[in-house]
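Let chain P serve as the given structure and place chain S on it in line with the hints.
Number of protein chains: 2
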Amino acid sequence: MNNSLGLVGEENVKMLTDLYELTMCASYFDNRKLEPASFDLFIRKLPPNRSYLLFAGLEHVLHFIEKTRFTEEHIKFLKSQGFKEDFLDYLRNFKFTGDVWAVPEGTIVFPNEPLIRVTAPIIEAQLMETFALNTVNLQTTIATKASRVVYAARGKPVIEFGLRREHGVDAGMKVARASYIAGCAGTSNVLAGMKYGIPVFGTMAHSFVMSFSTELEAFRAFAKTFPDKSTLLIDTFDTIKGAENAIVVAKELEEKGFRLRGVRLDSGDLVSLSKKVRRMLDDSGLSYVQIFASGDLDEYRIDELLKKGAKIDSFGVGTKMGTSADKPYVDIIYKLCEKVDGKGVFQPIMKLSEGKATLPGRKQVFRLRDAEGNFVKDIIALEDEKIDGEPLLVKVVEKGRVVYDFPTLEEIRERALENLSRLHEKYKQLKNAAKYPVELSPKLKKLIRELRRKLKKIEGLGAD
Amino acid sequence: MNNSLGLVGEENVKMLTDLYELTMCASYFDNRKLEPASFDLFIRKLPPNRSYLLFAGLEHVLHFIEKTRFTEEHIKFLKSQGFKEDFLDYLRNFKFTGDVWAVPEGTIVFPNEPLIRVTAPIIEAQLMETFALNTVNLQTTIATKASRVVYAARGKPVIEFGLRREHGVDAGMKVARASYIAGCAGTSNVLAGMKYGIPVFGTMAHSFVMSFSTELEAFRAFAKTFPDKSTLLIDTFDTIKGAENAIVVAKELEEKGFRLRGVRLDSGDLVSLSKKVRRMLDDSGLSYVQIFASGDLDEYRIDELLKKGAKIDSFGVGTKMGTSADKPYVDIIYKLCEKVDGKGVFQPIMKLSEGKATLPGRKQVFRLRDAEGNFVKDIIALEDEKIDGEPLLVKVVEKGRVVYDFPTLEEIRERALENLSRLHEKYKQLKNAAKYPVELSPKLKKLIRELRRKLKKIEGLGAD
Numbered sequence: 000m001n002n003s004l005g006l007v008g009e010e011n012v013k014m015l016t017d018l019y020e021l022t023m024c025a026s027y028f029d030n031r032k033l034e035p036a037s038f039d040l041f042i043r044k045l046p047p048n049r050s051y052l053l054f055a056g057l058e059h060v061l062h063f064i065e066k067t068r069f070t071e072e073h074i075k076f077l078k079s080q081g082f083k084e085d086f087l088d089y090l091r092n093f094k095f096t097g098d099v100w101a102v103p104e105g106t107i108v109f110p111n112e113p114l115i116r117v118t119a120p121i122i123e124a125q126l127m128e129t130f131a132l133n134t135v136n137l138q139t140t141i142a143t144k145a146s147r148v149v150y151a152a153r154g155k156p157v158i159e160f161g162l163r164r165e166h167g168v169d170a171g172m173k174v175a176r177a178s179y180i181a182g183c184a185g186t187s188n189v190l191a192g193m194k195y196g197i198p199v200f201g202t203m204a205h206s207f208v209m210s211f212s213t214e215l216e217a218f219r220a221f222a223k224t225f226p227d228k229s230t231l232l233i234d235t236f237d238t239i240k241g242a243e244n245a246i247v248v249a250k251e252l253e254e255k256g257f258r259l260r261g262v263r264l265d266s267g268d269l270v271s272l273s274k275k276v277r278r279m280l281d282d283s284g285l286s287y288v289q290i291f292a293s294g295d296l297d298e299y300r301i302d303e304l305l306k307k308g309a310k311i312d313s314f315g316v317g318t319k320m321g322t323s324a325d326k327p328y329v330d331i332i333y334k335l336c337e338k339v340d341g342k343g344v345f346q347p348i349m350k351l352s353e354g355k356a357t358l359p360g361r362k363q364v365f366r367l368r369d370a371e372g373n374f375v376k377d378i379i380a381l382e383d384e385k386i387d388g389e390p391l392l393v394k395v396v397e398k399g400r401v402v403y404d405f406p407t408l409e410e411i412r413e414r415a416l417e418n419l420s421r422l423h424e425k426y427k428q429l430k431n432a433a434k435y436p437v438e439l440s441p442k443l444k445k446l447i448r449e450l451r452r453k454l455k456k457i458e459g460l461g462a463d
Numbered sequence: 000m001n002n003s004l005g006l007v008g009e010e011n012v013k014m015l016t017d018l019y020e021l022t023m024c025a026s027y028f029d030n031r032k033l034e035p036a037s038f039d040l041f042i043r044k045l046p047p048n049r050s051y052l053l054f055a056g057l058e059h060v061l062h063f064i065e066k067t068r069f070t071e072e073h074i075k076f077l078k079s080q081g082f083k084e085d086f087l088d089y090l091r092n093f094k095f096t097g098d099v100w101a102v103p104e105g106t107i108v109f110p111n112e113p114l115i116r117v118t119a120p121i122i123e124a125q126l127m128e129t130f131a132l133n134t135v136n137l138q139t140t141i142a143t144k145a146s147r148v149v150y151a152a153r154g155k156p157v158i159e160f161g162l163r164r165e166h167g168v169d170a171g172m173k174v175a176r177a178s179y180i181a182g183c184a185g186t187s188n189v190l191a192g193m194k195y196g197i198p199v200f201g202t203m204a205h206s207f208v209m210s211f212s213t214e215l216e217a218f219r220a221f222a223k224t225f226p227d228k229s230t231l232l233i234d235t236f237d238t239i240k241g242a243e244n245a246i247v248v249a250k251e252l253e254e255k256g257f258r259l260r261g262v263r264l265d266s267g268d269l270v271s272l273s274k275k276v277r278r279m280l281d282d283s284g285l286s287y288v289q290i291f292a293s294g295d296l297d298e299y300r301i302d303e304l305l306k307k308g309a310k311i312d313s314f315g316v317g318t319k320m321g322t323s324a325d326k327p328y329v330d331i332i333y334k335l336c337e338k339v340d341g342k343g344v345f346q347p348i349m350k351l352s353e354g355k356a357t358l359p360g361r362k363q364v365f366r367l368r369d370a371e372g373n374f375v376k377d378i379i380a381l382e383d384e385k386i387d388g389e390p391l392l393v394k395v396v397e398k399g400r401v402v403y404d405f406p407t408l409e410e411i412r413e414r415a416l417e418n419l420s421r422l423h424e425k426y427k428q429l430k431n432a433a434k435y436p437v438e439l440s441p442k443l444k445k446l447i448r449e450l451r452r453k454l455k456k457i458e459g460l461g462a463d
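For the record, the sequence lines run as chains P and S. Start counting the first sequence at 0; every next residue gets the next number (numbering that gives the first Met the number 0). Start counting the second sequence at 0; every next residue gets the next number (numbering that gives the first Met the number 0).
Looking at chain P on its own, in the form it has when it is part of the complex:
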């Protein structure tokens, strides 16, 4: 890929997988182990300071399952890596034939709740692991982070501005998507605007101001081009002088029948500067001119600014949100929860390891609401249990075919905002939030007790 952008097209994404998925599958195939099994994709624990997770990324997982294929180029490469002909023939015709249940994107979820549950011949279930983890990790990490930033902004619009420091091209797109789902009002990413319909926003850089002889000249030039939607960056030299120049231009615009949209602060003490600039604007009869702030912002900083009374109308949030800088991943895993025994019967299984235990069997998550519709608690139960609550997992793939009516991005966003509005304030605090109750159903607990006993017995035997 020398002298190329090295971008991955859909035709190659099937190979974006850890090699061990393929070596395991080759061995399953070699040992005629083709029976079905069930896997859960879930998040083991909450990242620091997070008290919930906002699930995103499902759409791309389902497309990966249904649409991607191995090509002859892939087969040739795998052959060069020592894979055998019969397995390669199998891959040539590879197609997912199983069932998938999943939580809709934009749903608030919690650790240990299955988010995607796959029941399929074990090779098929295995070959979707890496991609599913990759895209759900990114989008859920960012949606969760962005929802906190939006919460901290108390209804003032937040624009996602992080493209330049997000991790590559795909992240640039998926971060814009996930942030929008989480309630951001838009993005700076033009391609995300074109492809996803997310509103795009942009102002100007310091270089624009510096490239003219004076700041005033730069502001006039910009206002000439965008008389009805200019936001002027006023901190290149001195924010107060910048505000004075912006006021001059705003008045000139008024004479022509236009209104300056806003001024942008990008450095310095945003609390005192925003107050001063607000007063200057108001004193000049420009109370309609908005103050937009940016510069190293995240949920903690925005919360602090607003607590201190900063006069800011909207925020541009970049790197720290776009990389989820304080924790750039979630502890996401994909674990076997059920396999077929010698008699061809599905048997729930689990890992016992301390801190790495998994929940056995095919499960469903039930969400209980109070009379007002607010979330009260979740119960993780076995699939066939009758629990008086809303089941979160829905069937999305049946016998390899997607049976899910994909929501639009706007619908996903609405679900997210509804979910966030139904989560009590105490669970949304930026630090030291209360722990939302997630329980295991009686039947699931009983199953775990039984399996523990059985596994201990087997372990005892193994030690003989």
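Hints in this document: simulated from the structure, not taken from any laboratory. Among the hints, a few may not be true.
[Claimed, not checked] With the C-beta cut set under 8 angstroms, the calculated list includes, among others, these residues of chain P facing chain S: (1) Thr16; (2) Asp88; (3) Leu132; (4) Gly171; (5) Met209; (6) Leu429; (7) Ala432.
[Said to hold, decoys possible] Pairs of lysine to any residue, SDA-like flavour, derived with a Cα cap of 25 angstroms: (8) P:Lys456 to S:Glu243; (9) P:Lys456 to S:Asn30; (10) P:Lys456 to S:Arg153; (11) P:Lys350 to S:Gly267; (12) S:Lys427 to S:Arg153; (13) P:Lys240 to S:Asn30; (14) S:Lys83 to P:Thr224; (15) P:Lys78 to S:Asp227; (16) P:Lys455 to S:Lys240; (17) P:Lys223 to S:Arg153; (18) S:Lys342 to P:Thr213; (19) S:Lys350 to P:Lys306; (20) P:Lys456 to P:Val339; (21) S:Lys44 to P:Lys240; (22) S:Lys398 to S:Asp98; (23) S:Lys94 to S:Ser286; (24) S:Lys75 to P:Asp265; (25) S:Lys350 to S:Pro120; (26) S:Lys223 to P:Asn92; (27) P:Lys306 to P:Val339; (28) S:Lys250 to S:Ser286; (29) S:Lys223 to P:Tyr89; (30) P:Lys250 to S:Phe82; (31) P:Lys326 to S:Arg31; (32) S:Lys342 to S:Ala324; (33) P:Lys434 to P:Glu303; (34) S:Lys83 to S:Asp98; (35) S:Lys44 to S:Leu416; (36) P:Lys228 to S:Ser283; (37) P:Lys326 to S:Lys75; (38) P:Lys44 to S:Gly267; (39) S:Lys355 to P:Gly294.
Don't be surprised by glycine CBs; every beta carbon is placed ideally from N, CA and C.
Chain S only, in chain P's frame:
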């Protein structure tokens, strides 16, 4: 992009830009500001604990400059966003015509050193900013992090294992590339193997072991498929019992004329477990069986393990390296350093702001070595200065055409390893490393003094 993987192809990457690049350019165009200017891409400061940066990502920037175009779909979308016809006509025919100088990938660099220097009509220079920052940020962040992990491993191979939690598809590829440049021995990412020729590695997951009736059965099945290259994951139930089972399989392989390649530890106290397992293997005449370790590793943890005498032969390092988890970005920026004055003459310019000052003019970085070839110090100078050192920036684009003879990935990796070997130990310590000396040349210092005086005078006037 509903029901799609939402991957960005080369045909659309031109639009992967912050909107403000386009609004600024529209205004430059509108104001007939088409003269050239120079920009520096550089990193303002070192991330915590880092004492150098390993530069990567240039290849993709150059391809972006030379090859990407605006399409009619892009123009149509921009029109819907309010851009004017004459500017859209300009974009239709947009082509970069300027010059670019850059540091080769795999070079060790330091804060404030220009890494990419662009001299072009200001619109052209502006329209590459977002993509250049995006890919250099990702690849340099990861190459730097990975070089630290490789350093901590003291010559023992490090395999990049992070695909499942890297930020999307493009990051999955670019992280594999950057880690390999930094000295990793390979990756788990099969597509990176196919596209970049990076060696791919893989073992098995816990689910593989759990899907069989017993661990021994799972090991035998895997060894049957890969008799000459099996690494068995031995911690699914109990690492010591797992080692016993691996020894059984190793002996069975020996009878068939094969050798077990290794065992993998993925949890628990890796120091004591690796010592015990090493002794068990050695006592069974299996000193050739390697111990591979993984599980939440990074440079700090590997250093600690090896200091405590862990018997580990190679490492699989995932999430923390693949996201550079302790600091998932570098403070990378792209700043105007030179513009054309009213008389058509290039004039160096700079920003004075505290902590955000920039260096004026077209610059070159000179690296001084001692008699043994080790790095002594760097001098940032004006382009035309004669300094007795190796100039780091080379011409890579001339009048819009790439004139750079792209090195292969192996050559980039060799440069990185040579560079790292030439950097004194004291500059490579994982924490509290010495500060490598980077000086400004006398001429550059003099220019800065002059510009400061001039800017203060202008500011003084502005305040009148």
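How the hints compare with the structure:
1. Given the 8 angstroms rule on beta carbons, the hint for threonine 16 (chain P) holds: about 5 angstroms separates it from the nearest Cβ of chain S.
2. Given the 8 angstroms rule on beta carbons, the hint for aspartate 88 (chain P) is violated: about 15 angstroms separates it from the nearest Cβ of chain S.
3. Residue-level restraint check for leucine 132 (chain P) holds (minimum Cβ-Cβ distance to chain S is 4 angstroms; threshold 8 angstroms).
4. Checking glycine 171 (chain P) against chain S: minimum C-beta separation of about 6 angstroms stays under 8 angstroms; hint holds.
5. Taking 8 angstroms as the C-beta contact cut-off toward chain S, the hint placing methionine 209 (chain P) at the interface holds, the least distance being around 5 angstroms.
6. Given the 8 angstroms rule on beta carbons, the hint for leucine 429 (chain P) is violated: about 20 angstroms separates it from the nearest Cβ of chain S.
7. At its closest, the beta carbon of alanine 432 (chain P) sits 22 angstroms from a beta carbon of chain S; the interface hint therefore is violated under the 8 angstroms criterion.
8. At most 25 angstroms may separate the alpha-carbon atoms for a hinted pair to count; lysine 456 (chain P) and glutamate 243 (chain S) meet this at roughly 19 angstroms.
9. At roughly 81 angstroms between alpha-carbon atoms, lysine 456 (chain P) and asparagine 30 (chain S) are farther apart than 25 angstroms, so this suggested pair is violated.
10. Restraint check: the Cα-Cα separation between lysine 456 (chain P) and arginine 153 (chain S) comes to about 43 angstroms, which exceeds 25 angstroms; the hinted pair is violated.
11. Of the pairs offered as hints, the one joining lysine 350 (chain P) and glycine 267 (chain S) holds, with about 15 angstroms between alpha carbons and a cut-off of 25 angstroms not exceeded.
12. Between lysine 427 (chain S) and arginine 153 (chain S), the direct Cα distance comes to roughly 12 angstroms. Compliance with the 25 angstroms bound is thereby established for this hinted pair.
13. With a CA separation close to 23 angstroms, the supplied pair lysine 240 (chain P) and asparagine 30 (chain S) stays within the 25 angstroms bound.
14. At most 25 angstroms may separate the alpha-carbon atoms for a hinted pair to count; lysine 83 (chain S) and threonine 224 (chain P) meet this at roughly 9 angstroms.
15. Distance restraint check for lysine 78 (chain P) and aspartate 227 (chain S): the Cα-Cα separation of roughly 16 angstroms lies within the 25 angstroms cut-off, and the hinted pair is therefore satisfied.
16. The straight-line distance between the Cα atoms of lysine 455 (chain P) and lysine 240 (chain S) is roughly 14 angstroms, inside the 25 angstroms bound, and the hint therefore holds.
17. Between the alpha carbons of lysine 223 (chain P) and arginine 153 (chain S) the distance comes to roughly 60 angstroms, so the proposed pair goes past 25 angstroms and is violated.
18. Between lysine 342 (chain S) and threonine 213 (chain P) the alpha-carbon distance is near 16 angstroms, which keeps this suggested pair within the 25 angstroms criterion.
19. Between lysine 350 (chain S) and lysine 306 (chain P) the alpha-carbon distance is near 31 angstroms, which puts this suggested pair outside the 25 angstroms criterion.
20. Taking the CA atoms of lysine 456 (chain P) and valine 339 (chain P), the gap is near 20 angstroms; set against the 25 angstroms cutoff, the hint holds.
21. A threshold of 25 angstroms between alpha carbons decides the hint, and for lysine 44 (chain S) with lysine 240 (chain P) the separation of about 29 angstroms lies outside it, so the pair is violated.
22. The straight-line distance between the Cα atoms of lysine 398 (chain S) and aspartate 98 (chain S) is roughly 5 angstroms, inside the 25 angstroms bound, and the hint therefore holds.
23. This hinted pair does not check out: lysine 94 (chain S) and serine 286 (chain S) have alpha carbons roughly 61 angstroms apart, beyond 25 angstroms.
24. Under the criterion of a C-alpha separation no larger than 25 angstroms, the hint pairing lysine 75 (chain S) with aspartate 265 (chain P) is inconsistent with the structure, at around 32 angstroms.
25. The hinted pair formed by lysine 350 (chain S) and proline 120 (chain S) meets the criterion: a straight-line CA distance of about 20 angstroms does not exceed 25 angstroms.
26. Proximity of lysine 223 (chain S) to asparagine 92 (chain P) is assessed by CA-CA distance (about 24 angstroms); at most 25 angstroms being required, the pair is judged to hold.
27. As the CA atoms of lysine 306 (chain P) and valine 339 (chain P) are separated by approximately 57 angstroms, the hinted pair breaks the 25 angstroms bound.
28. About 12 angstroms separates the Cα atoms of lysine 250 (chain S) and serine 286 (chain S), which keeps this hinted pair within 25 angstroms; it holds.
29. With a CA separation close to 18 angstroms, the supplied pair lysine 223 (chain S) and tyrosine 89 (chain P) stays within the 25 angstroms bound.
30. Taking the CA atoms of lysine 250 (chain P) and phenylalanine 82 (chain S), the gap is about 24 angstroms. The hint holds against a cut of 25 angstroms.
31. Simply put, lysine 326 (chain P) and arginine 31 (chain S) have alpha-carbon atoms about 45 angstroms apart, too far for the 25 angstroms limit, and the pair is violated.
32. Between the alpha carbons of lysine 342 (chain S) and alanine 324 (chain S) the distance comes to roughly 49 angstroms, so the proposed pair goes past 25 angstroms and is violated.
33. Our distance criterion of 25 angstroms between C-alpha atoms is met by lysine 434 (chain P) and glutamate 303 (chain P), whose separation comes to about 23 angstroms.
34. Proximity of lysine 83 (chain S) to aspartate 98 (chain S) is assessed by CA-CA distance (about 28 angstroms); at most 25 angstroms being required, the pair is judged violated.
35. For the given pair, lysine 44 (chain S) sits about 23 angstroms from leucine 416 (chain S) by alpha-carbon distance, which is consistent with the 25 angstroms threshold.
36. Among the hinted pairs, lysine 228 (chain P) with serine 283 (chain S) is inconsistent with the structure: their alpha-carbon atoms are about 77 angstroms apart, more than 25 angstroms.
37. Between lysine 326 (chain P) and lysine 75 (chain S) the alpha-carbon distance is near 38 angstroms, which puts this suggested pair outside the 25 angstroms criterion.
38. For the hint linking lysine 44 (chain P) to glycine 267 (chain S), the alpha-carbon distance of about 18 angstroms falls within 25 angstroms, and the restraint holds.
39. Distance check on the hinted pair: lysine 355 (chain S) and glycine 294 (chain P) sit about 12 angstroms apart at the alpha-carbon level, within 25 angstroms; holds.
Hint check: violations occur at hints 2, 6, 7, 9, 10, 17, 19, 21, 23, 24, 27, 31, 32, 34, 36, 37; the rest are consistent with the structure.
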